[in-house]
Structure formats: C-alpha cells, structure tokens
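Given chain G's structure and the hints, the job is docking chain X onto it.
Chain residues, written in single-letter form:
Protein chains: 2
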Amino acid sequence: MYPIQNDCNIYISGHKRTSLSEETSLIQHFAKNNGISLDYYSNSDFINKFQNDIANLIGFKEALFFPTGTMAQQILLKVNADKTKNRNFGIHEKSHIYAFEDNAYKHLHRLKEILVGQPNKPYLVEDVKNISEKISTLVIDIPYRELGGIPIPWDELEKIKDYCKQNNILLHADGARLWECASYYKKSYKEICKGLDSIYVSLYKGIGGMAGCFLCGNSSTIKEAKKWKKRHGGKLFQETILIASSAYQFDKRLREMSLYYKKAQEIYNKCSDFKELTFYPEKPLINMFHVHMKITVEEAILMREYFKNKKGIWLFNNVFPSQLKDNKSYFEIYVGDILLDKTISEVNTIFELIAKYIKPLLSE
Amino acid sequence: MYPIQNDCNIYISGHKRTSLSEETSLIQHFAKNNGISLDYYSNSDFINKFQNDIANLIGFKEALFFPTGTMAQQILLKVNADKTKNRNFGIHEKSHIYAFEDNAYKHLHRLKEILVGQPNKPYLVEDVKNISEKISTLVIDIPYRELGGIPIPWDELEKIKDYCKQNNILLHADGARLWECASYYKKSYKEICKGLDSIYVSLYKGIGGMAGCFLCGNSSTIKEAKKWKKRHGGKLFQETILIASSAYQFDKRLREMSLYYKKAQEIYNKCSDFKELTFYPEKPLINMFHVHMKITVEEAILMREYFKNKKGIWLFNNVFPSQLKDNKSYFEIYVGDILLDKTISEVNTIFELIAKYIKPLLSE
Numbered sequence: 001m002y003p004i005q006n007d008c009n010i011y012i013s014g015h016k017r018t019s020l021s022e023e024t025s026l027i028q029h030f031a032k033n034n035g036i037s038l039d040y041y042s043n044s045d046f047i048n049k050f051q052n053d054i055a056n057l058i059g060f061k062e063a064l065f066f067p068t069g070t071m072a073q074q075i076l077l078k079v080n081a082d083k084t085k086n087r088n089f090g091i092h093e094k095s096h097i098y099a100f101e102d103n104a105y106k107h108l109h110r111l112k113e114i115l116v117g118q119p120n121k122p123y124l125v126e127d128v129k130n131i132s133e134k135i136s137t138l139v140i141d142i143p144y145r146e147l148g149g150i151p152i153p154w155d156e157l158e159k160i161k162d163y164c165k166q167n168n169i170l171l172h173a174d175g176a177r178l179w180e181c182a183s184y185y186k187k188s189y190k191e192i193c194k195g196l197d198s199i200y201v202s203l204y205k206g207i208g209g210m211a212g213c214f215l216c217g218n219s220s221t222i223k224e225a226k227k228w229k230k231r232h233g234g235k236l237f238q239e240t241i242l243i244a245s246s247a248y249q250f251d252k253r254l255r256e257m258s259l260y261y262k263k264a265q266e267i268y269n270k271c272s273d274f275k276e277l278t279f280y281p282e283k284p285l286i287n288m289f290h291v292h293m294k295i296t297v298e299e300a301i302l303m304r305e306y307f308k309n310k311k312g313i314w315l316f317n318n319v320f321p322s323q324l325k326d327n328k329s330y331f332e333i334y335v336g337d338i339l340l341d342k343t344i345s346e347v348n349t350i351f352e353l354i355a356k357y358i359k360p361l362l363s364e
Numbered sequence: 001m002y003p004i005q006n007d008c009n010i011y012i013s014g015h016k017r018t019s020l021s022e023e024t025s026l027i028q029h030f031a032k033n034n035g036i037s038l039d040y041y042s043n044s045d046f047i048n049k050f051q052n053d054i055a056n057l058i059g060f061k062e063a064l065f066f067p068t069g070t071m072a073q074q075i076l077l078k079v080n081a082d083k084t085k086n087r088n089f090g091i092h093e094k095s096h097i098y099a100f101e102d103n104a105y106k107h108l109h110r111l112k113e114i115l116v117g118q119p120n121k122p123y124l125v126e127d128v129k130n131i132s133e134k135i136s137t138l139v140i141d142i143p144y145r146e147l148g149g150i151p152i153p154w155d156e157l158e159k160i161k162d163y164c165k166q167n168n169i170l171l172h173a174d175g176a177r178l179w180e181c182a183s184y185y186k187k188s189y190k191e192i193c194k195g196l197d198s199i200y201v202s203l204y205k206g207i208g209g210m211a212g213c214f215l216c217g218n219s220s221t222i223k224e225a226k227k228w229k230k231r232h233g234g235k236l237f238q239e240t241i242l243i244a245s246s247a248y249q250f251d252k253r254l255r256e257m258s259l260y261y262k263k264a265q266e267i268y269n270k271c272s273d274f275k276e277l278t279f280y281p282e283k284p285l286i287n288m289f290h291v292h293m294k295i296t297v298e299e300a301i302l303m304r305e306y307f308k309n310k311k312g313i314w315l316f317n318n319v320f321p322s323q324l325k326d327n328k329s330y331f332e333i334y335v336g337d338i339l340l341d342k343t344i345s346e347v348n349t350i351f352e353l354i355a356k357y358i359k360p361l362l363s364e
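In the order they appear, the protein sequences are chains G and X. Quick note: the first sequence, position 310, residue 310 per the numbering used here, numbers continuous. Quick note: the second sequence, position 189, residue 189 per the numbering used here, numbers continuous.
It is worth saying that the hints were derived from the structure and are not from the lab. Check before you lean on any hint, since a few could be wrong.
Identical chains share a label here; the pair holds if one copy fits it or two copies do between them.
The calculated lysine-lysine pairs, modelled on DSSO-like cross-linking and capped at a C-alpha distance of 30 Å, are [claimed, not checked]:
no.	residue 1	residue 2
1	Lys230	Lys308
2	Lys121	Lys186
3	Lys16	Lys294
4	Lys134	Lys161
5	Lys342	Lys328
6	Lys223	Lys121
In isolation and in its complexed conformation, chain G is listed as follows (with noise of 0.2 Å):
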C-alpha cells in the first residue's frame, strides 16, 4: 500500500504536487489552444501526431501509446519471443521488469529471463558475451535507476549494439528516464537509441504527465504489439486525456532535463558532507541519485512519519535496503523542478535536519 501524501507542505524529489484541479487547468488549457478532440479507442490526429512526433525524436520508425510500461515490455518480449522462437531473455537483475513486475512476463506469457551481469553495476559487453544460452531480446535499462541512476557507458553500450546487432539479438532499451541521460552522454536522442530495436519511454516520471508510456520500435514490431495491447486489456475507450496531460509539458521538460542535470551537481558539490549520509553514485550521473543511510528500512520510515507530522515535509516514497558497505537503507533523490526552485541553503537545511534525525539513533 502507497503512502497518501497530501499533508506535506514541502516535497523534496521530483517535481511539484499539484491538485486534479489545477492540472486539469493546465490540460483544458492546452486542448483550447490546439482544438484536441477526444478520441474513439486511440483514433485521432492528435495521438497519431505526437506518437510521430515522439518516435521522430529518437529515431524509430512507431511509436505506440501504453497505459503502463509493464504492459509495454512484457508485450515487447512476447512479441520478439514469438519472431524468433525463444522464450529466452536477457536481463539485469536490478531491471524493472525482473524486480519489480512480480514475475508477469512468466505468468501471462511463459517468458524465461536469463540473468546477465553482476547485481551492483551496469553490465558492459563481456557480460553480454558471457551469456550462456540464446536469447531472443537483450534488455538494458537506460539509466540504472535502481543503481542510483547510471548509464551504460557510451563506449560499452556502443560494444553492445555491435554485438547484439552481429548475434541476432534483438536489443530493447527500458528507457523510463531516457530522457535524463542526454547530458551525460552528451549526444542526442537520436544518437542515443541508434542500434536499438526497441525502446520504451515514459510520459510521466521525468515528464510529469498522469500515466502511460510509448513503445517504439519498427513497424512490424509494432502492429504485432497491438494485438496484444488489445488482448491486455490496455486498450483504452479514451487514451486522450493521458497523453495529453503529457503532451502539453513535453517540451518543456526536455529543455529543463540539463537545468535538473546541473542542479544535482550543485547538491552534489555543496550537500554531500553530512557523514550520516552517503551520496551514491559518488557523483551523480543524471539528474538522480540514492541518498543511503545507516538506519535500517524501518526506522528511515519512522523518520518518513516524523517528518510528515512534525516538519510538513515528505521525504520520500520508498525506502530500500542499501548494497553499501555500513549502510542499512536507501532513499532515491529526483531533481525535479521541485529542487530546481529551491536555494542550495533550503536543500542544505533538509539535508541536515535528516542529519540531525539520524545521529543520535547511531550513538546509541
């Protein structure tokens, strides 16, 4: 069961609250200004647009609307198992749709992951050479949420594509926060997802709209995907309204992706000090990273209650165990525009009341 966070007067990841009525101002006022009709099961010129105009960014030929991105991923893989005839694929434990889809891939459709790499890091091309049996898809997260937000380096995801490309193996990116990792690679979308067979990207998370994602992929990936997108149960009577409440700050968030980029470094740079936590990765690589701590998951979700209660401020909405040497948990940090409008000194004071919290539980 999710937390209800209504209280909370101050919010530190991602980006900033706001009420059904306000966002539903800001929908009604972008479908006035561009006359959006509604559409009957997915048909309209404005979802056909921005699937185009999406799958034009990156570079793919489709691009198809889900409600979620577990749906999407499993169906990708369905689909590949079925053109290749292995049920086979490859995966990073650490990925979504192994940790954290309770198995769907098998339950609907008898999938089998193939485990690849080592649990704390991204995996580079020798562990893809090291796959011991055939697969159908290789999938690679990029980033790495679970691990603070790290991307394949460019050299080793450029030795990946070859590989895969070279093997028949198709290659499908969990691009949840693709859009986050232009400025640490430097390149454009486009560049970025260049060898890719398949990509999945959100349309909230970084985004900030209400639910849903695109797959992206050729067109006869695609049109297979369709099917099954009906067969899910994912078709919905009205797709219109999520995509629009995506489509009308799309841009927008795009540009502010490398101001969010930049403040991480500056929290980096200026908040990193208390020695009651430990900032992974070292240096933040995207506009994310992992605050970890030496109280266990339980007492970090005490500290989550006092600081509702006593502070108005909301902490995060997960807590994990940490994998680092003398920590017990972690908490994930997403700058947003929520720490985009904040002073260092506000994010510095958080910081430090979390600090303070923790200590003396140490001590005793």
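What follows is chain X alone, placed relative to chain G:
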C-alpha cells in the same frame, strides 16, 4: 481501424460528443469543488470513496478500478479458475469476452470457454442445466448488447442464480450496461445483483466517462484481482482523472437512465414504421435497440460515408451482418442525451433519410 468522426454536426447514438477542452473544464470544476488530489498508484481518498460508493450501490463488498473491461473480466475468470482449479467457464457466444476480445483469456490465461444456449437469444436456466462439462464460472450479460439490449427475464435470472449457487458455479455478470437495466427490471441495482458472485460495470458507455470500469466482488476475489491487475500492466501511475471523468456525471446519468428509456419507447412508437428499417427487439427493452437493414454491411458503410460527407450526420460507429430474416446488416442506437434532446420529429426525419437512401438500392 476506427473512423475519425469529428467532422459531423449531427449524431444519433449515445451521448453528446465533447472536446478535450470541454471535458477537462467540467472535470476541473468538479475537482475544485471537491478538493480532489491526484493519486499515487491508485491510493487516494477520492478513489477509495468512489469505489466504495459503487460497491455499496450495487451490493458488493469491494470494487476495483480497471482501465478496461477486457482486462477486468479475463482477470476475474482467471482468479475464479485458480480458486476452483477449473479452467472452464460458461459463456454466451454473443458475450464480449467471447466475441470481441481476440481470445485474450486463452492467450494470456489458458482458460477455456464452454458455449451456453443459443446464438440469438439470452440463455435460460434450462440452457445452464444442459452444460455438459464442469465449469468454474458462468458469465451472464446484463443485458445482451449484441442481441439488441435484451436482458435475461427476471424469473430466469433468479432461477439461474439459484442453480449456480446450488451447483457451486461462480456467477459473474458482464454488467457493462447494468445501469440501463433498472427500468426494465423495475428493481434496484442491489436487487438485480443479489446472488451474483461478481460483476463488471462500465464507467464510460452509459455513464459518459473517458475510460475504465469497476470489477466488484468479495474481498478475496478483489485481493487476487489486484495482483493480476498489476501483472497485466493495469496499475496506472495516476487513475484519478479517468475515474473523475465518470464520477462528475455519475449521479446525473443514473437519474437520466429512465428518461433515456422512455425516449427509446417513444422513438419505437413513432419512428419505427419505415419498411426499409426493422427495429430489434420489436419493442426496446432498455434504452438501446438495433436497426436492421436489407442492405449489406459494405453498402451500409458507403451510406455512412454519404451521410457524413453530404449531410454532416454520423450514423453509427459499427455495422454488423444481420441475423434477421430478409435483413443483411444492422447498427445500434443507444438512446443517450443526444436523442433525449431531439424532438420526435427530428428523430423521425433522420430515419426517413436513411429509409430514402436505402429504398432505391433495394429495387435495383
């Protein structure tokens, strides 16, 4: 591919077409008046309350939002199959699950349908008694849309409920148009649903929302269904907007259902005398009926284009082959607020135009 129907001035079936701007404006008003927050993976006071309200209204323990009925109903069948260790379910061949979902229940859950009754009428308790194989679940439609909106007669419905209970068959209703049936049965929704183990009800169709539905059942069923909702990729980041698009007009629509019903009766009494058109059922039982024609499906599609281009009238979204003697095709009329606000003379004129268009085709 569904037609894009934005260019017409006159519609017949369903509720009035609105733009995204108009619709978000109405939702915004509702959201502001009710102080509605956005959810985080479905967790919100607003969603919880609306789900509870609907569950209470129709007499179930719990209700769970799904983005589509296709997802909700195959999941219900899967949950029941696991519970009873039996993959067979009984269904009428005109039910949506069997007729229009591309065998999703087979592809994704390896379930097996056992067809019950006769193709062109709702089934009676005798049909259910004649099922030769053991089934986990019996699916009944309340009402049968594809038969022209015909509900199972009350006595038979009660007998089917009793029979299923006595024979340990879980009884599930496709209640996509349950809201339309109160005037026919002259019963409350609770009375209609009493004795069902589960039901799916729509939030768009008669209600006019943008997408989605509720699956209602007991706590253990809904608990299992939640797991499968996530696996299917049905757990949207934010569901609020879709649910609000229905909630803001829900009470009004339920109140108007009896007016739609009366209007359907009136249209039948005053507009069904064109010999080129055959209304089915002979007298509408709910606020919908079929109009059968002696022209083919292909001719009917040409007619739709003609009316769209020459008269700005959108006749129908879909047209199907007719099962009636001497007829070749039919389309559906759902009496919603479009026809409610038209005079009988206006409605008659439209049928007259259709009859006039068809007449010369028949004498060729």
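Which of the numbered hints are not met once you compare them with the structure shown?
Those not satisfied come down to hint 6.
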